[in-house]
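Residue numbers (the numbering used here), protein chains in the order written: chain A, 470 to 600; chain B, 470 to 600; chain C, 470 to 600; chain D, 470 to 600; chain E, 470 to 600; chain F, 470 to 600.
Just so you know, the hints here were simulated from the structure itself, not pulled from any lab data.
Certain hints may be false.
Which copy is meant is left open, so a pair is good if it fits within one copy or across any two.
When the alpha-carbon atoms are kept at most 20 angstroms apart in a straight line, the in silico DMTMM-like pairs for lysine to aspartate or glutamate are as follows [stated by the list, open to error]: (1) K563 with D595; (2) K563 with D596; (3) K563 with D532; (4) K495 with D532; (5) K495 with D520; (6) K563 with D499; (7) K495 with D478; (8) K495 with E484.
6 protein chains.
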Amino acid sequence: MATVPLLADEAAGAEALAIFGDIRAKRQTDYVNNFWRALAHDPAQLRATWDRLQVVMAPGALDPLVKELIYIAVSTANGCSYCVHSHTAAARAKGMTPAQHAELLAVVAMAAQTNALATALQVPVDDRFMA
Amino acid sequence: MATVPLLADEAAGAEALAIFGDIRAKRQTDYVNNFWRALAHDPAQLRATWDRLQVVMAPGALDPLVKELIYIAVSTANGCSYCVHSHTAAARAKGMTPAQHAELLAVVAMAAQTNALATALQVPVDDRFMA
Amino acid sequence: MATVPLLADEAAGAEALAIFGDIRAKRQTDYVNNFWRALAHDPAQLRATWDRLQVVMAPGALDPLVKELIYIAVSTANGCSYCVHSHTAAARAKGMTPAQHAELLAVVAMAAQTNALATALQVPVDDRFMA
Amino acid sequence: MATVPLLADEAAGAEALAIFGDIRAKRQTDYVNNFWRALAHDPAQLRATWDRLQVVMAPGALDPLVKELIYIAVSTANGCSYCVHSHTAAARAKGMTPAQHAELLAVVAMAAQTNALATALQVPVDDRFMA
Amino acid sequence: MATVPLLADEAAGAEALAIFGDIRAKRQTDYVNNFWRALAHDPAQLRATWDRLQVVMAPGALDPLVKELIYIAVSTANGCSYCVHSHTAAARAKGMTPAQHAELLAVVAMAAQTNALATALQVPVDDRFMA
Amino acid sequence: MATVPLLADEAAGAEALAIFGDIRAKRQTDYVNNFWRALAHDPAQLRATWDRLQVVMAPGALDPLVKELIYIAVSTANGCSYCVHSHTAAARAKGMTPAQHAELLAVVAMAAQTNALATALQVPVDDRFMA
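One chain only, chain A, in its complex shape (with noise of 0.2 angstroms):
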C-alpha cells in the first residue's frame, strides 16, 4: 500500500480532476495509473509533474522509445520497482522489441559492473575525457 491514500475520481478535487482528464485524454484511455492517484494529494505537485513529464518526454533530439529505455535506466539504477514496471510498460506500448529490451538490460548490467569496478579502484578521470 501507498504511504497515502490513492485518489478515486470522487475523492479527487477539481484540480487534480482536471488533471485527470487531461492525462485521459493525451493519453487516449479512460485508465489514470496509480502514481498520479497518489500524487493527487498534492496537485501544484502532480500539475508540475505532468507538465514536465510530456515536454520532456516528446519527440525531439532523441526519439520517444529511447527516452522510454533511458527512463528504465535510471529507475532501474535508482531501484524504483513501480517505476521500472510502469517505464517498461510504456516502452513496450511504444513499440519496443523484445530483442530491444534484451539490448537495453545487457547495457544496464554492463554499466553497473564498469561503475562498480571504477569506483572500488578510484579511478582518476583522463585529461582527454574533460570536455
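Chain A is already provided as a structure; the job is to place chains B, C, D, E and F on it using the hints.
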C-alpha cells in the same frame, strides 16, 4: 589517485599488454585510458570486462549511440564520476549532439524526480503493468 | 518475508525481551514493530540501535518532527520501503500535516532531480561553497 | 571539470542571460554559481529548474531552513558532492547553526544505518504502518 | 511479478534449456531459481552471467562463503530485494552461522553510517591512503 | 575541502582530544585521519562512532580482514570515495593481498551486475529463499 597504481605499458604483464593491444587496434588509437590501466592488475577481469563490453556495445537492436546514452544514464544514477566523464566523451565521439545531450539530461532528471516521488509515496504497481 | 524469523516475545531471549520492554515503556504502547523483532536475533545490535536512536531522535537543536522528515528523506533516497513506511507513520504520529508531507516530497523530488543534473554535468564545486 | 563548459555571461545566450539576471535579483548577489552556468547550455532546463526551485523552497508549511536540511540529507544519500557543498552553504546562509548541522548529520547517519539493516533483514512492513 | 514471464522448461528455447541443465548439474538440484528463468529470454545474457558467476564465486584467494557475504553486502547497499534473499539463502547453504550473519549486518550498518557521514562532511582523502 | 574545517589537535576541544588520544593508543600511531578530525566538531558523534566501530570491527565470528572487505564492498556500492580509499588502505594494513583485492572487486562487480538485472526484471523472490 586510484586505489591501485595505473599500469603503464612497461609495468603491465604480457596478458594485460595483449589486451591493451587489442583495445588500441579496435579503437584505432594508441591511447589506453585509465580504467583499463587500473584493471590491468587483474588480467582475467580486464579480459572479461573488455570482451563483454564489445559484445554489449556492438550495433544490434539498439544503436551504439543509444547504448552510450543509456550508459551515461546509469552512471549518473550510480554517481560514478569516472564513468560519466568517459561515456559522455564516448557518446560525443559517436556523434551525440548538444541537443541530444540536453534531452538525455532532461530525461535522467525527470526519472530521478519521479523515482523519488514513487518511492516516497510507495505507490503499488498497477495490475496492468504486470507482464 | 524477512531473511530471519521475526521473534515473538516467546521466542526472544532475556536480553531482547528487556529491550522490547524498554521500547514499550518509552513509546507507551504494547506494540513492538517488525524491525525490532528482526533485529532481536542479535541483542547487541538491537541494544546499540535502540539506544542510539533515542539519543539521535530526541529534541535538541532540531525538532523531533523535523528529524522524522529528514529520516523519510534519507530512506526515500536509499529506497528502503520499510523505513519509508515506518517513518512516515512516525512523522504523522508526531503531528506531520498533509501540507508538510507534500512539501517534504516536493523538496525530496527537487533534490533528486538536481542531484542527477549536477552529477551528469559533473559541476565543479564553487570556491565560495568550501568551508 | 564539468562535462560541458561553464558558460560565462559573455558566452550565454539571451535566454540564459535573462535567467542569470533573475537569479542575481532574487538572491541579491552578482554571483551566479557553477550549477546554473553548466545548465545554461539548455535554457529550457535552466528555466524549468530555476522556476520550480523557487516554488519548492519558498516558505510554506515547512520553514526554508528545514527544506535546506532535507536537501542536504537527500544529496548525501545520493552521493552528490556538488549538492552537499552548495546546500550546506545555503543552509548556513539561512542560519543553520553548528548544533543543527551536527544533529542533521546524526539523523542522516542513523537513517543510513537502519535503512541498511531493514534492507539486509528484508523486514516486512507492519500492517499498522499502512496508510 | 517480473517484467517478463519466467520461462518454465517447456517455454525455454534449446540454448536456455542447456544452461538450465548445467545449473542443475553444477548445483546438484533440479531446482532452477527465478532469476535464471527471467534471464532466459536472452540466452546470450543468461550464458554470460552464469559462466562468469561460476568463475567469480569459485574458491580462490577468498573463501566461497566470504564471497557470498560480500555479495549480500553489495546487494543490501544497492537495495536489491531478490538478491538479498537469494544470496542470504546461498550463504546459509555454504555454512553461514547466525553469528556470522549478525556480524555481517553489523559491518554493513556501520559502513552505511560512516559512508553517510564522510559524504555529508565531504572529507578529503588523506595523502597516506593514496596507493 | 570538507564542509567543516578539519580540527587540528590545537583546535579540538578536550572531549575530542581525549578520543584522538584513544585512537592513537589503539592504533599505535600518532596519525589521526581526516574523518575523525571532521567528526570532531560533534564530540558525541565522534565518541559514538569510534566506540561502535571498535566493537563492530573486532575479531569475532568473522575475521577482521573479512570485515574490511565487506566495508569496501558497501563503500563502493554507496559511492563513498573517502571510505573506499581509507578502507582499502586498512585492508592492506591487515594483510589483504593483491589477489584478494582482485577477487573482492570481481565479486563486487558481479553483484552490481546481477543486482541491476534482477531489479530491471523485477524477479519475484522464490518461496524457498524465504527464511
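Task: Numbered hints the structure breaks, given as an ascending list - done: When the structure is compared with the hints, none of them turns out to be violated.
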